[in-house]
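Protein chains in written order, with our numbering: chain A, 1 to 101; chain B, 1 to 359.
Be a bit skeptical, because a hint or two may be false.
What the hints assert, rightly or not - Covered stretches of chain B, as calculated for chain A (at least 3 residues, CB under 8 angstroms):
id	segment
1	58-69
2	88-98
3	282-292
4	300-309
5	312-320
Said to hold, decoys possible - Here are the simulated EDC-like pairs of lysine to aspartate or glutamate, each with C-alpha atoms no more than 16 angstroms apart in a straight line:
id	chain 1	residue 1	chain 2	residue 2
6	B	Lys-62	B	Asp-13
7	A	Lys-79	B	Asp-304
8	B	Lys-158	B	Glu-201
9	B	Lys-167	B	Asp-182
10	B	Lys-6	B	Glu-22
11	A	Lys-46	B	Asp-304
These are computed hints drawn from the structure, not numbers from a lab.
None of these values were measured; they are calculated from a predicted model.
Think of the CB as a built atom: it goes at the ideal place given N, C-alpha and C, for glycine as much as any other residue.
Residues per chain are reported as follows:
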Amino acid sequence: MGFLNLLTKRGQTGATLVRLPTGSFTLDPSGRIVASTLPRSFPVGKVRQIGDLVLSTFQAAREAGIPLTELIADYAALKLTARELRGGAIIFLAPRSLGQK
Amino acid sequence: MSARHKVLLLDDDQDLLELYREMLARLPSQPEIHTATSGARAISLLESEPFSLLISDLNMPKMDGLQVLTIVRRKFPQLRTAVMTSVVDAQFRTRAYAMGIDLFLEKPNTSQEITFFLDCIESLLGRELDGGFRGVQSKSLVDIIQLECLSQSSSVLKVTNGALSGKIWFNNGDVIDAESQDLGGEAAFRKILSWKTGNFEILPADPERPRTIFNSYQGLLLESAQALDEAQAQVPEGESAPSPEAAPVLAAESPLAALARFNGVEFVMTVRAGGKFDSWSAENPEQISQWVRQTMQRFRALGDGLQAGQLSQLEGLGPQCHVALVSKADNDLCVGFHRSLSQDLVRETMSKIATKWAS
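So that you can see chain A by itself, here it is in the shape it has in the complex:
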């Protein structure tokens, strides 16, 4: 039995895996996070990275002559929805489960 226990003894250790978060956060026009319902375990650096990308995408779309108020990025395991808020944005993150469309 000791042999079998060995196979599962880990799993709680060395947790470096980051779960995809469920929640939303709000950015002001300068890119500052003003509110967030994302879990604290989700790195702030990643939140900023997402926020910066969304704001710059809205900005670049305006410059290209196709102003947008909403962006939806469909990844295999995550849906990202961003709504423009007077220069800032509110961004929703929702992980997908297997088979979900």
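Let chain A serve as the given structure and place chain B on it in line with the hints.
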């Protein structure tokens, strides 16, 4: 006598690696087992010699399993990959499968689970031995079909081309049926043969499949080649050949105009790897193409960084128009829609346009 498979085990726990090494060494195919305790070491090993299979843990310090798999799937697309983890979580399972792994297994707890685990790995190695065209780009579909027929195979050839997929059934070396979208029989066979790129998988035979194709495989291949040649001959130089059944319609107009015939479409644009673009009815194509290229690149990079899997579609809704973006290989397609269309309708129409574009 075929060479032994090489299996690379990746786990940060040396004791576990030794246990798995012992277990896997007892497989009937007697694979050669190598081990690595870090992602960096595993990638170095994969670079130094060819492996048949990588079995990786998820939960590891420094570089976690998903990070390793992201790199491995990109650098070694033909390598079979399996995840074995004690992290029992549907989200990680989804993300791992989204990266294109072959198997997601929980670390075995009981002797029954160990047997199941070993069976799965043996089956995966067997699949490698039986064939499959994962990542093979130098073989055309015609080569693959001929191989199946000449070797008197009974199998099902599954072909995927972007959003499209099709199947060809073989029975003792005869092509007996084909299916693709709403087509069946010889029409489906011709449709599948018109695809230029894609992925292939040989599935087990389906003896119950009723026969709808009675032509010989040589006859089928010849007719399909003729249909493609005729379609090619009708296309002006510089444009890609349309699918045989669409040839009469597309020969008269540009491919983008054909994509723009859907309800509510205002403009269509394709952007190629080097930034070159084709556009239909776009007002400021230069700026839009740059935005498309940059946006898709950055959102793909974000997906890689978050390990969220492939970016399937990007939609933007705006007061002047809506846009939807998809990628195939290294090309991006951007379609502009009238602002009155609902998001659901944009999505539904874009799905049809992307399917047509992929074909």
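Structure-based check of all given hints:
{"no.": "1", "hint": "58-69", "verdict": "holds (count 8)"}
{"no.": "2", "hint": "88-98", "verdict": "holds (count 9)"}
{"no.": "3", "hint": "282-292", "verdict": "holds (count 6)"}
{"no.": "4", "hint": "300-309", "verdict": "holds (count 7)"}
{"no.": "5", "hint": "312-320", "verdict": "holds (count 9)"}
{"no.": "6", "hint": "Lys-62/B / Asp-13/B", "verdict": "14 angstroms, holds"}
{"no.": "7", "hint": "Lys-79/A / Asp-304/B", "verdict": "14 angstroms, holds"}
{"no.": "8", "hint": "Lys-158/B / Glu-201/B", "verdict": "5 angstroms, holds"}
{"no.": "9", "hint": "Lys-167/B / Asp-182/B", "verdict": "12 angstroms, holds"}
{"no.": "10", "hint": "Lys-6/B / Glu-22/B", "verdict": "14 angstroms, holds"}
{"no.": "11", "hint": "Lys-46/A / Asp-304/B", "verdict": "12 angstroms, holds"}
Checked against the numbered hints listed earlier, the structure breaks none of them; every hint is satisfied.
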